[in-house]
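Novice: Assemble chains B, C and D with the ligands onto chain A, guided by the hints.
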Amino acid sequence: MPASNPHNSEMRDLQEMARQIRRDIIKMLMISQSGHSGGPLGLADIFSCLYFRILKYDPSNVTWPERDYFFLSAGHLAPVWYATLARAGFYPLSEMSTLRKINTRLQGHPAPWYTHGLPGIEIASGSLGQGMSIAVGAALGLRMDRKPNHVYVLHGDGELDEGQVWEGIMTAGHYSVDNLTAIVDRNFCQIDNRTDKVMELEPLADKWRAFRWNVIECDGNDISDFLVAVEEAKAIKGKPSVVIAKTFMGKGVSFMEDDYRWHGVPPGIEQGKQALSELEPTKFGDFVEFEWEKQVAEVVK
Amino acid sequence: MPASNPHNSEMRDLQEMARQIRRDIIKMLMISQSGHSGGPLGLADIFSCLYFRILKYDPSNVTWPERDYFFLSAGHLAPVWYATLARAGFYPLSEMSTLRKINTRLQGHPAPWYTHGLPGIEIASGSLGQGMSIAVGAALGLRMDRKPNHVYVLHGDGELDEGQVWEGIMTAGHYSVDNLTAIVDRNFCQIDNRTDKVMELEPLADKWRAFRWNVIECDGNDISDFLVAVEEAKAIKGKPSVVIAKTFMGKGVSFMEDDYRWHGVPPGIEQGKQALSELEPTKFGDFVEFEWEKQVAEVVK
Amino acid sequence: MTTIESKGEKATRQGFSDALLELGKENPDVVVLGGDVSGSVKVDAFAKAYPDRFFSVGVAEADMMGVAAGLSLVGKIPIASAYGEFAAGRPFDQIRQSLAYSEMPVKICASHCGITVGPDGATHQSLEDVALMRVLPRMTVICPCDYLETKRAVKSSISITKGPVYIRFFRDNTPMFTDESMSFEIGKANTLIDGTDVTIIAAGLQVWEAIQAAEVLAAERISARVINMHTIKPLDKKTILKAAQETRALVTAEDHQIHGGLGSAVAEYLAQEHPTPQEFVAVNDTFGESGKGAELMKKYGIAREDIVKAVKKVLRRKK
Amino acid sequence: MTTIESKGEKATRQGFSDALLELGKENPDVVVLGGDVSGSVKVDAFAKAYPDRFFSVGVAEADMMGVAAGLSLVGKIPIASAYGEFAAGRPFDQIRQSLAYSEMPVKICASHCGITVGPDGATHQSLEDVALMRVLPRMTVICPCDYLETKRAVKSSISITKGPVYIRFFRDNTPMFTDESMSFEIGKANTLIDGTDVTIIAAGLQVWEAIQAAEVLAAERISARVINMHTIKPLDKKTILKAAQETRALVTAEDHQIHGGLGSAVAEYLAQEHPTPQEFVAVNDTFGESGKGAELMKKYGIAREDIVKAVKKVLRRKK
Ligand SMILES: Cc1ncc(C[n+]2csc(CCOP(=O)(O)OP(=O)(O)O)c2C)c(N)n1
Ligand SMILES: Cc1ncc(C[n+]2csc(CCOP(=O)(O)OP(=O)(O)O)c2C)c(N)n1
Ligand SMILES: [Mg+2]
Ligand SMILES: [Mg+2]
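Chains as they are written, first to last, in my numbering: chain A, 1 to 301; chain B, 302 to 602; chain C, 603 to 921; chain D, 922 to 1240.
No lab work stands behind these hints: they were computed from the structure.
Cβ atoms here follow ideal geometry from the backbone N, Cα and C, with glycine treated the same way.
Cross-link-like lysine-lysine pairs, in silico, DSBU-like; alpha carbons within 35 angstroms at most:
{"hint": "1", "chain 1": "A", "residue 1": "294", "chain 2": "C", "residue 2": "901"}
{"hint": "2", "chain 1": "C", "residue 1": "844", "chain 2": "D", "residue 2": "1233"}
{"hint": "3", "chain 1": "D", "residue 1": "1159", "chain 2": "D", "residue 2": "1234"}
{"hint": "4", "chain 1": "B", "residue 1": "547", "chain 2": "A", "residue 2": "237"}
{"hint": "5", "chain 1": "C", "residue 1": "790", "chain 2": "D", "residue 2": "1233"}
{"hint": "6", "chain 1": "A", "residue 1": "147", "chain 2": "D", "residue 2": "1076"}
{"hint": "7", "chain 1": "C", "residue 1": "790", "chain 2": "C", "residue 2": "844"}
{"hint": "8", "chain 1": "B", "residue 1": "540", "chain 2": "B", "residue 2": "498"}
{"hint": "9", "chain 1": "B", "residue 1": "574", "chain 2": "D", "residue 2": "1219"}
{"hint": "10", "chain 1": "B", "residue 1": "448", "chain 2": "B", "residue 2": "535"}
Here are some of the chain D residues that sit facing chain A, going by a computed Cβ distance under 7 angstroms:
{"hint": "11", "residue": "992"}
{"hint": "12", "residue": "994"}
{"hint": "13", "residue": "1014"}
{"hint": "14", "residue": "1023"}
Chain A with its partners taken away, still in its complex shape (with noise of 0.2 angstroms):
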């Protein structure tokens, strides 16, 4: 592993981060009562992997010219993003209190850092389908340079409905672009039922490869399996790769865990107690703000 991750950090840790990730994202959520639970807590495990481990980029300087770029396709899932972001010191633990109220820098659906949204936010998403293509766009642009920067975007499982979507898949196959790694968060959820119901994307694998892609299965789930995937995606040349990474929706919390009902909706606040007391921190966690607390502490009482 390159040190160019500002934590780089060991698998115990990012188990713990992933953890954490969700303890945010409950808490957030709580307070919003607004927002999308499933999608965000089946993906807190690579959030924490791309943060902590995966990704290079400085918190305090989103224009790096060396950082890598990260795209995060279906922008309903903000929460996970927004607090792995605040976690890897891009912006105020507390400020997680505002998502989704008037003049937050945490939009419903994720808003570039240069316009009203959070530093590390590239580009705005939220209508989905979009984030293959300009990934595909950023990753030729580099090229072009040839920098060395890789390229990130993930994607929902739903959102592979999205005729753009493949769209930009085919244009990466064609040109080839060994400097993007794209990641499917395979939960088999979408918001009206399972994906087979909705629209079966299976034989899911066989379609990427047919797009001129490599392909590598995991588990998202599983920090090592995902951490392995994604090491050897980037170690493929001459073809993008994609990580088809199965995952659960609303993993960690029992009465959420692979349940489709929960794609969009915040837990009560009785129900938010109950996945925190499920969530509770180990003794590698300790990763408490104040100002953050205070504020979870006034909804969760």
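Specialist: Same frame as chain A, but now just chains B, C and D with the ligands:
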């Protein structure tokens, strides 16, 4: 072969009709001096098969409830359709001379009969990528009512760059609509260049398979090969089928064959004469209609 | 001044949902398309009642419009449902070619329109949809003002057999103030309050705001006519002209961009017929943001107070 | 009256092409995206001169806008090229979110706009693009009138570093009548002919028609001011207001739908500032059809004679 097609022509007649259609395309374009040569010429064999052997229709009753539905998604291929519709009796041959002229029913891109287009045209096309979705909708509606009508949709290969096509393909796979047959005009050419230069589509058959389709590949300039392919396609139950028909752009005209630069330009008068001489009717071809030939004669001289 | 009262609150999208159930019962040809937002746009009740007549197309709005066109071609009456931005902006070219140019009588039912959709933020706040749909030939555009009117609009739209209809509704619960005794006819505006000094022409949620504004104004002895312009295309020109002639000052109010929407339609028409001072209550050429619907209405200048202010401004310009 | 002469004919899209070559030379960050219509939209010369800076994305306009956004993010200056309908309508939501809301300085260069594109027919006649682009916040919309102005517009657009620019041009060869001695500034209209009785505000190909109409009118002793409104957003309000105050009657002329375009922008503004009789020379809420550009201009009412007629009509309404 069921005797449902009003012609149900034999092989030699189909070949002759294809040649006739090619002659009509050349003549139309010589007169209009605007429109697409390459794709339409490459498709003459397929259109001959469709309208003189495969499709169920009644040219004097375009809303006949038992008709098959044919959608030309790649609307720029209109000239081959127009020539075929004229030969199949949907409208007078002499009207072919109005192609792309003001007040014509032979619009530059197909318009339906109930607006300002030709009988036999069900819906507008021209903006690429929309026909698959329409075909899926029609197929679903017919299946709902347990109707036996079959639905056909024809796409250009370059057209498959459009993401909406993959949305429709995915929907068809999801619903296993087997009353739908897609035909891809695989001529490896689009406007700017050959398809692998503009946007690589290969492995194309794998793509469709990964989207839950049955794939049949054939030579789209070989009438018997194409007929077998379509028969096979219709026989497959439980999945939609696609016939990937390899054709040559500009087929039948030596100086146009397999050259993408003929995608969208008409032959000049001298070129047209040369083309017509290469497409001399055989003794089986006796489809002359005087008004049409008179109009042609005025231009050809 | 007639007082118009709210008889409780319900969401306009609920009116859509209830209309669908009735249509489903009355007409076996009615089919509904869902784009993975069935619960929010409230087509889930129809999907449950008539599972064979509900088609999920996944998150694929372009495909949805084409599938609807195909269903229409074989004799069905398709209702395509999505959030406003993804119902109008995302599949614009598909709507243009496969529905409008092809004259397909598909109903495009768009929920979660306007800035009032709130916390989801700018990407989900459809503020351009009326402008987009209105500029398409052969399109009908309706923006009902409350639960009942939405229900009636959706039900009446079935009678349009040539060309698509775009119907715009909203997420939040809002006052119910129309009743069956009022007429509802597509293309025919309803004058809710008579007035002589100024006319407020509103659509959608802004109709209720306009009524409230008129009450405030009445207390200040300003007599405001309030017109519910539920159909934005075709425009009820007669009613507008009469108002322009009689009150000689207008305010338009809508949860939409200032450019291209209802205000624009009124201004275009009057410039050709009877130029009249007009103020626009609308989102002023900016994207929205997260927040509560009511907060955003205030921040972005489309609340009742903004209508009151606009009325006063236009009265100063009146000749 | 000043006479404005045509110094030969060239297509506006050729001005785009030539501008690209110069930009390519001047600025190594300029990159061009092609959607399989490189020859028609005339980006082929750039592609040949700078193959490493040209990206073919296939027939995939939605993808094109996203790829452009990504290139922009890493410091490139992307020029996305397509036919009008497929540049504006097809990828509307992508332009909205990834370019306008995200403030990406991408240039969307749209050729083959308007009904004058001719024989291709309605599906290719982009008559709604100005309406669509104009309603987007943070967007600049330019519609140059001839070869040189197009070249200057494209070159000037590079200086806009925040938010996208939409530039609209046409297929056919048309008169060249602007020259380097005239100023060209985005957002600043050019008054080409001074006049006192009426003002014709035109954009794109209609500017030349307006000049011709003014000559016809001059012969009938009607003094028509002609304004070249090359930038439709931001609108040059000052010039419009002055014309409205001084001539008290306006005609707008554009190769676009009557709703939502230049005429609409002018009417919206004047309704708020200075209501003025206005006639619209535009395609009257209908789709086009195949035919020659000149034939269609006549049939659909956007030729110089229609401008003359509109002037006479608006003069009868003048107060
Ligand atoms: C273009 C567009 N259409 C519809 C939506 C509404 N929407 C938001 S999330 C979502 C489901 C996406 O499913 P998936 O990507 O699997 O996310 P998950 O449910 O797993 O979080 C939909 C349809 C949207 N945001 N954008
Ligand atoms: C949405 C859209 N984008 C672009 C075009 C312009 N266009 C017309 S045909 C064509 C190429 C299509 O290639 P293919 O389908 O292979 O047709 P062929 O060249 O083989 O006739 C393009 C880009 C269009 N008609 N519609
Ligand atoms: Mg999912
Ligand atoms: Mg081809």
